[in-house]
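**Q** This is what each chain is made of:
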Amino acid sequence: MLLEMDAITKSYGSVAANKGVSFKLRKGEVHALVGENGAGKTTLMRILYGMETPDSGMIKLNGRPVSMNSPMDAIRNGIGMVHQHFMLFSSFTVAENIVIGREPEKGVLFDRKAAAAETVKLSEQYGMPVDPWKKVGECPLGVQQRIEILKVLYQGAEVIILDEPTGVLTPLEVKELLLAIRQLADQGKSFILISHKLNEVLEVADVITVLRDGEVTGTVKASESNEEQLSRMMVGRNLVQQARAGIQIGKPVLELAGIGLKGGKAKALLDNITFSVREGEIVGIAGISGNGQSELLQVISGLCAPDSGSVKLQGKEVAGSPVHAIRSAGMAHIPEDRYQWGVSKDATVAENGLMGHTKRHQRLGILERKDIRAMVGEWVSRFGIKTGSLATKAQHLSGGNLQKLIVARELAQETPFLIAAEPTRGVDVGAMEMIHGELLRRRQEGGAILLVSSELSEVLKLSDRILVMLEGKMVGELSAEAATEEKISLLMAGGKAVV
Amino acid sequence: MDQLFDVSLFASALRMLAPILLAALGGAICARVGLFNVGLEGLMLVGAFAAIAGNYWTGSVAAGVLLAMICSVLFSLLLGYMSIHLKANVIVVGIALNFLALGLTTFALRAIFNVKGAYYDKNMKGLPKWDIPLIKDIPWLGDLLSGHSILIYISILIVIGLQFYLFKTVSGFRLLAAGENPTAARSLGIKVSRIQYGAVLMSGVLCGLAGAQLSLGNVTMFTEGMTDGRGFIALVATMLGQSNPLGVAAASLLFGFMESLSIRLQGFALPTHFTMMVPYVVTLIAMFFFKDKGYLQEARKSNESSR
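Chains as they are written, first to last, in the UniProt record's numbering: chain A, 1 to 499; chain B, 1 to 307.
Next up, chain A with everything else stripped away, as it sits in the complex (with noise of 0.2 Å):
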């Protein structure tokens, strides 16, 4: 065995996030840590990394106990970590990114040729090519990941500690990334692998724990296992399979045409875009992130005002109109980053939920506090928003009950038209679950919503139809029925549709 943690215990106030949780891993193993949000797997691996000190508990390296009392001590030990957040610097090239901490010397001086040799050297003997003088702001996330990788190696890993590493990747980045693991655990290496994505970790690991609450549900082969009984041991109860089920296709919401958008830069943000969403239907925009989709979003919701074109609402021209003003009209919008966008950190709950609900919960321009206090707490309970009470403030939320407040607010607008935005980036399975089902049952309500995601599987199930984004331009729309994730890889790395 080489790597054994043993009945760790680990408690943040009165919560336990981590509660007597045991976790093996052999030599040349890709063991994958799964579990919804806050159920204890990042405390877990930030203890083994010496960011976090266990209450109680042991590690044993090759079966000697070990203690880590700070990165250094894990790097020491030959564990290395990736995090979800790129630790990478952006204005330095790939080489000195992959070296830092350990620079080739020539006397005072950096051997910056050496570290490129180095660098080199690594990536042939690991299979994973990179050009060794590229800044790594220049480079794709997927390439980013991988110097990450190299920079562990190179800092003498045995055991890869991987946190969501596939969450900013293109489907075809995330193949990569996935074939990369399976070779370096063939030469030995071996992995941790937290992730939230039970398709890849069945398809990349060879043994699954499962964690509840800070503690381990199960520990099964990969081979033997499933998404149902993964999901079923994550969340403790059976997931409703959700259907779309046929509705009549009304009148036009919301109309695009024709909207572009400069921006300063040489190459235009948004191109000639033109498209509508209706009734009863749920347009998904695919894309790789950074291809024009954020843009899209601010002109439709009036943070920014287009170019060219025009965008109605209702019929409505509402193109450069302020945000009040098309909120007014008839939208709500589930914004893509919650934290800029969504919510203030700094207010509670129920005033976070207040947000944009303040006309209607006024007299004579004082706030009506109770009613307020009634309609969050509604939204509370209705979602199972896991809260201290409505005066936390929404920092303390995790992400996911952050966002599940975030779409209660904006479902409760009752708008025609509603943008959602990456509902569901960094959400657990149980909140996935319940947003996905009140976004269909918005729609058999009648309502159009504009679906933006950069996760294809979120876009395939909810969607009736499907647009693809590419530098601004959108370069294909498919039909739910037609759509395959194939077919929609194709299109958002830039190949021509085949119809």
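No lab work stands behind these hints, which were simulated from the structure alone.
Remember, it's a predicted structure, so these values are computed and weren't measured experimentally.
Relax, there's no trap hidden among the hints.
Ranges of calculated distance between the beta carbons of each label pair, as one might list FRET restraints:
{"id": "1", "chain 1": "A", "residue 1": "Q340", "chain 2": "B", "residue 2": "M277", "range": "37 to 43 Å"}
{"id": "2", "chain 1": "B", "residue 1": "S193", "chain 2": "A", "residue 2": "R26", "range": "38 to 44 Å"}
{"id": "3", "chain 1": "B", "residue 1": "Y81", "chain 2": "A", "residue 2": "M58", "range": "36 to 42 Å"}
{"id": "4", "chain 1": "B", "residue 1": "M287", "chain 2": "A", "residue 2": "K370", "range": "48 to 54 Å"}
{"id": "5", "chain 1": "B", "residue 1": "S193", "chain 2": "A", "residue 2": "G28", "range": "35 to 41 Å"}
{"id": "6", "chain 1": "A", "residue 1": "A391", "chain 2": "B", "residue 2": "S193", "range": "31 to 37 Å"}
Quick list of in silico lysine to aspartate or glutamate cross-link-like pairs, EDC-like style, CA-CA up to 20 Å:
{"id": "7", "chain 1": "A", "residue 1": "K19", "chain 2": "A", "residue 2": "E52"}
{"id": "8", "chain 1": "B", "residue 1": "K168", "chain 2": "A", "residue 2": "E105"}
{"id": "9", "chain 1": "B", "residue 1": "K191", "chain 2": "A", "residue 2": "D73"}
{"id": "10", "chain 1": "B", "residue 1": "K168", "chain 2": "A", "residue 2": "D111"}
C-beta atoms are modelled at their ideal positions from N, C-alpha and C, and glycine is treated no differently.
Go by the hints and put chain B onto chain A.
**A** The following block gives chain B in isolation, referenced to the frame of chain A:
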């Protein structure tokens, strides 16, 4: 036009350059570790006063310069402690230090020299001038390059040294890393706080030298608030030069030239207060042209979290 642009104008531009350049290099090294040092003005003022005081007490120019560096370093330590250790907002601390320095030096001027406004001793020796052998005999170039205070030459050496340190050495590389992404640097075991302290203290040394050049180099006196906004011009030079030592030097040269030009223009019957605006107007114009070029902005943009 001949009267406006002659050798002595360029020579005076070099004289004006040194304090701005030294302070701007201090600002640059702070900016490189992620601290925006607004306190350059105050650090420089403390240095200028300490240089005169040290010279007055010991009668030695070297001791004056040394005291200037020591006092500025102590002052910068305060900035470091507040902003790195106590995590106070570095801009607020910097502004506070500027006012503290102004009050402190004015008070000390009265307490030590018993004068108001300015202290001047005609017997006090300033920084030695250096006549470069050979070059001083070349007609035009000699007048331009030779015969300046020794700190001017030192400041140019510091530019080269700093450029080399930042971009060629391992230690410089880690300093850049600590500034670009402190979280990542920390996760690699790089001691970010220690590097930040080092940078802040270094900026103290450089501002001390800048102050000494101001009070012992250009003139031999101390007047209340004699830095007169040079610390802020240095801050602009830092930004304009993208915190690259060579770029900072070029920007400082521009501002030094504008300052000497503004003095020269006074000889052309232009109102003093009008010509005094020249460097600042140029600063505004420069900021306008370089508004999108800040490398820190770039770094910040690419480090934004994806959540």
